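Student: Sequence lines, in order, name chains A and P.
Residues in the first sequence are numbered consecutively from 2, following the numbering used here.
Residues in the second sequence are numbered consecutively from 2, following the numbering used here.
It is worth saying that the hints were derived from the structure and are not from the lab.
Treat each hint with caution, since some may be false.
Claimed, not checked - Below, simulated DSS-like cross-link-like pairs (lysine-lysine); rule was C-alpha separation at most 27 Å, straight line:
1) A/K34 / P/K198
2) A/K60 / P/K71
3) A/K60 / P/K191
4) A/K198 / A/K66
5) A/K218 / A/K66
6) A/K34 / P/K71
7) A/K60 / P/K162
Quantities reported herein were computed from a predicted structural model and do not represent experimental measurements.
Protein chains: 2
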Amino acid sequence: MCELMGMSANVPTDVCFSFTGLMQRGGRTGPHKDGWGIAFYEGRGLSSFHDPNPSVNSKIAQLVKDYPIKSHVVISHIRQANVGDICLENTHPFSRELWGQMWTYAHNGQLDQSVFELPLTHYRPIGTTDSEYAFCWLLGEIREAFPERPDSYDELIGFVKTRSDQLRELGVFNMLLTDSCYLMAYCSTKLHWITRKAPFGQASLSDVEVVVDFCEKTTPTDVVTMIATAPLTDNEVWNKLEIGEMIVFRNGLVISQQR
Amino acid sequence: MCELMGMSANVPTDVCFSFTGLMQRGGRTGPHKDGWGIAFYEGRGLSSFHDPNPSVNSKIAQLVKDYPIKSHVVISHIRQANVGDICLENTHPFSRELWGQMWTYAHNGQLDQSVFELPLTHYRPIGTTDSEYAFCWLLGEIREAFPERPDSYDELIGFVKTRSDQLRELGVFNMLLTDSCYLMAYCSTKLHWITRKAPFGQASLSDVEVVVDFCEKTTPTDVVTMIATAPLTDNEVWNKLEIGEMIVFRNGLVISQQR
């Protein structure tokens, strides 16, 4: 299995604090030592880092932890391999372009071998994971159903949920997906989220002794939502998604929640 | 204008030495301060770094310079903006998937406004540069002509050359393109390359006082080709490509050269 982390915010925000907690799970407090990756969006632009080495020892992870990259949307993943070798091309998150937007996806779980029978149209996997194959299928389905970007995402979100339900029938399918603006999360077994806004308080990481006072780092209008497989802090109340639930964030706020 | 750098090698090789020279041109010895990017292939996998800040001051560039990422194929670019704002989505190199391979491209030059009239099929730009638009057109043309990966690349290489000739009619089109295995370079005005193999010697950078002894870093069977807008070293003889020439490398060796 693996661990997921995502962020949606209404102002460019760094994830140094949360990533400091997550990277511990890549070989120290957790067994997810088979690589890690993170995708940051600045506007429409994507900056991503992928490393097949354990995050806890990774020089690139050290940079991501220490260097505040400010972003509206982030997706990160640390991997414990099941299907597919430990190598760069099997390292999440995965990205493909649709409608002139770079979409990014990461998956936690394992799918039945029959996932590889789903028909691919526009996108093909580079690596050999069930996760990337499912992404190529899902994005191809979206592209077939919506050849052009819809003005409203309401119908699209429902569509992604039905396709995610279909993938969940093939195994465990916890998933984060973004088009650079919307952050969609689908829960098959385990996903937690929290929205931080004024009045901001202190937060302390579960995986390593680090405390942050968000008051010092924010303005009163900031809204920042974090989503992760397991809560990253031990002094805040995180919301748990239900099985089969999909939640969508934009600018840090929930804009859709469907069960 | 911008500067290009590429590498093709028969063993996983880092580009720390060459990148140390190139990054100086991003704000110190050269005016290319409008961002930079680099793409490393490990097998089929792609690891890339993009930063809209000047490379000479960039913390991410510092990491790339100091941390030896071993790769068979590398494409790097430092930007001096002409068309398109200075922002992440306009930062080269650009990547898209075709045939289950991640293709990467970087461009030096400026194309006539009419490039934006070329018909796009499968790929659309995220940003607003003429460069990325030309890439989306070029890769779409390849996909139309070769819906499946050909067994031999001979015909494909000729096809890329004719389309590159067509782009050169619209302005300056120096270009590096890779499918993760082949490194293709097209020269419109200025590109230089050098193949290093045994017996290896010393090389000294043109842009900063750094000397490397490749004997200490290589084995006798290593073959490493570097290609760059202007030679990166001042004590070696670089080959100059002619106008309209295309050269293709695989595992560090020239496999095609067409004028």
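Student: Does P/K191 sit within 27 Å of A/K60, going by the straight-line distance between their CA atoms?
Tutor: Judged against 27 Å, a Cα distance of about 35 Å means the pair is violated.
Student: Verify the proposed pairing of A/K198 with A/K66, using a straight-line Cα cut of 27 Å.
Tutor: The given pair, whose Cα atoms are some 22 Å apart, holds under the 27 Å limit.
Student: Hey, A/K34 versus P/K198, does the alpha-carbon distance stay inside 27 Å?
Tutor: 36 Å, violated
Student: For a C-alpha distance cap of 27 Å, please report whether A/K60 and P/K71 respect it.
Tutor: Judged against 27 Å, a Cα distance of about 14 Å means the pair holds.
Student: Within a Cα-Cα threshold of 27 Å, do A/K34 and P/K71 meet the stated pairing?
Tutor: 20 Å, holds
Student: Would you mind confirming whether the straight-line C-alpha gap from A/K218 to A/K66 stays at or under 27 Å?
Tutor: The hint holds at about 16 Å.
Student: Next pair to validate is A/K60 with P/K162; report whether the Cα-Cα distance is within 27 Å.
Tutor: Distance of about 39 Å is beyond 27 Å: violated.
Against the hints set out earlier in the document, violations occur for numbers 1, 3, 7.
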